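Construct all of the structure, not just a fragment, from the sequences and the given hints.
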Amino acid sequence: MKPTTSSFFSTAWTIAWKDLQIEKHTRQIMSVMVMFSLVTVVMFNFALETNLDAARNVATGLLWATILLAGTLGLNRTMAVERENQAMDTLLMAPINRNAIYAGKVLSTTIFTLALELILVLLFIVFFNKPLWRPPVLLILFLGTIGYVAAGVLIASMSIQTRARDVLLPVLLLPLSLPLVLPAAMATAAYMFPQQPLFAEVQTPIMLIMLYDALMLTAGFTTYHYIVES
Amino acid sequence: MIKIEGLTKNYGTNPVLRGVNLHLQTGEFVTLVGNNGAGKTTLLRIIATLLSPTAGQVSVGGWALPKQSARVRQHLGMVSHQALLYGDLTAGENLTFFARLYELDNAEKRVERALKTVGLFARKRDTVASFSRGMVQRLTIARATLHEPEVLLLDEPYTGLDQDASHLLDDLLRRESENGRTILMITHDLTHGLNLCDRTVILNRGKIAYEVDSQSITPSQFLKIYTNHTRKK
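Line by line, the protein sequences give chains X and G.
Just remember that our numbering sits 24 ahead of the position in the first sequence, which is counted from 1.
Just remember that our numbering sits 4 ahead of the position in the second sequence, which is counted from 1.
Please note that the accuracy of each hint is not assured.
To be verified - As a list, the in silico DMTMM-like pairs of lysine to aspartate or glutamate whose alpha-carbon atoms are at most 25 Å apart:
1. G:K71 x X:E253
2. X:K48 x G:E112
3. X:K48 x X:E108
4. G:K113 x G:E154
Claimed, not checked - Ranges between beta-carbon positions, derived for each pair:
5. G:H171 x X:R189: 35 to 43 Å
6. X:A188 x G:D175: 42 to 50 Å
7. G:R129 x X:I143: 23 to 31 Å
8. X:T228 x G:E152: 52 to 60 Å
9. X:I143 x G:T163: 41 to 49 Å
10. G:S170 x X:E108: 18 to 26 Å
11. X:L44 x G:K128: 18 to 26 Å
12. G:G164 x X:N123: 32 to 40 Å
13. X:T247 x G:G31: 35 to 43 Å
14. G:K128 x X:D77: 53 to 61 Å
15. G:S134 x X:N123: 28 to 36 Å
Source of the hints: derived by calculation from the structure; they are not laboratory data.
All of these numbers come straight from a predicted model, not from anything done at the bench.
Glycine included, each C-beta is placed from N, C-alpha and C at the ideal position.
Written as structure tokens, this is what we have:
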């Protein structure tokens, strides 16, 4: 079998397709992430009820915090399916590029996280009355998700091999996500006013998000091979 | 087909395999037996390209491991006591997934044929999690042979199977052997191993302790030899 670019993408898609099929049968990932997010948003809303202005000011930070926390649940689950019945061995024994496994996992987890974010955006509009349904905000969410998932799949692939996997993933991933979340929350907050900002005002945080994405994807594609083989 | 020379594998400072030499001819069926911790699974996982050796040479079909692992992988199939399947996918989806991974032509027809061969076509749309242990093991064989590998590696495939399921597995393995596949099987069931294979090898404390043509020895004679070789000193 010749390792071609088309076979790389088709293998990555096959692995993502498998994760989507599993989710179609079980609905475990989405139900857990959505329930967690719903409870978190309601809790934030009650906690900040007395000061609605404060709630609105911190809403974008809360949105990103909820994405990060709910995302770790999804990441844990997408990696756990490979551990059950040692299914990962069959992927490692297949004549495929190891990076295609990483790409497939990033693709499926990105789809799950984006679906969660759509629901979260609607929840935040309802509970915090923020204009989140704007193309630039959705673009920031998309860019931020790529970096977060790229780092998450890498860390989850390492932590899943340890006994403390459930604890290790958030402990390692959340600090690693800070350089992403800070500019992402800043850029999102800039769009929360009736008048939209000039691109120059959000250029730096958006560039930082894109740099983070590039760094994490590069780290993923250069180290995944070693992580799964060790 | 499989050549192993001076194979050593250490986990940290702990030696698991200590200079193993083993050759398997094309189409040969070899059973590997030994006590727990003898290094059987480690040996199989090295051949399966899942582990790298510490020292020594291993080649499959002329390709050296671990350097040419990518070439070797498409010629290998593995059946373990673990299902190596996705419990939340249906039988059909599992096989379709592997057919796509191996980029097989006529994937749909192959999947259908494989399910018929192991008698699971009627359960094509049921999730693997709803299968009995015997059915899972039959599906595992269908998965491992879907891409028609030249080498089949079996790691305690009889674990947890009842009598009927064991007989069914015997038939499937005989058929695979008759089809010319080179088979290396690990088992704790000495009688099964001896009845099915061409050659039986005892691995003890990371070394080949004894090997014999399976037709030239009775189960009771072999049991005596096995006990002598594996008795803890």
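(message) Hint compliance check: list the failing hint numbers for this structure, sorted ascending.
(response) none
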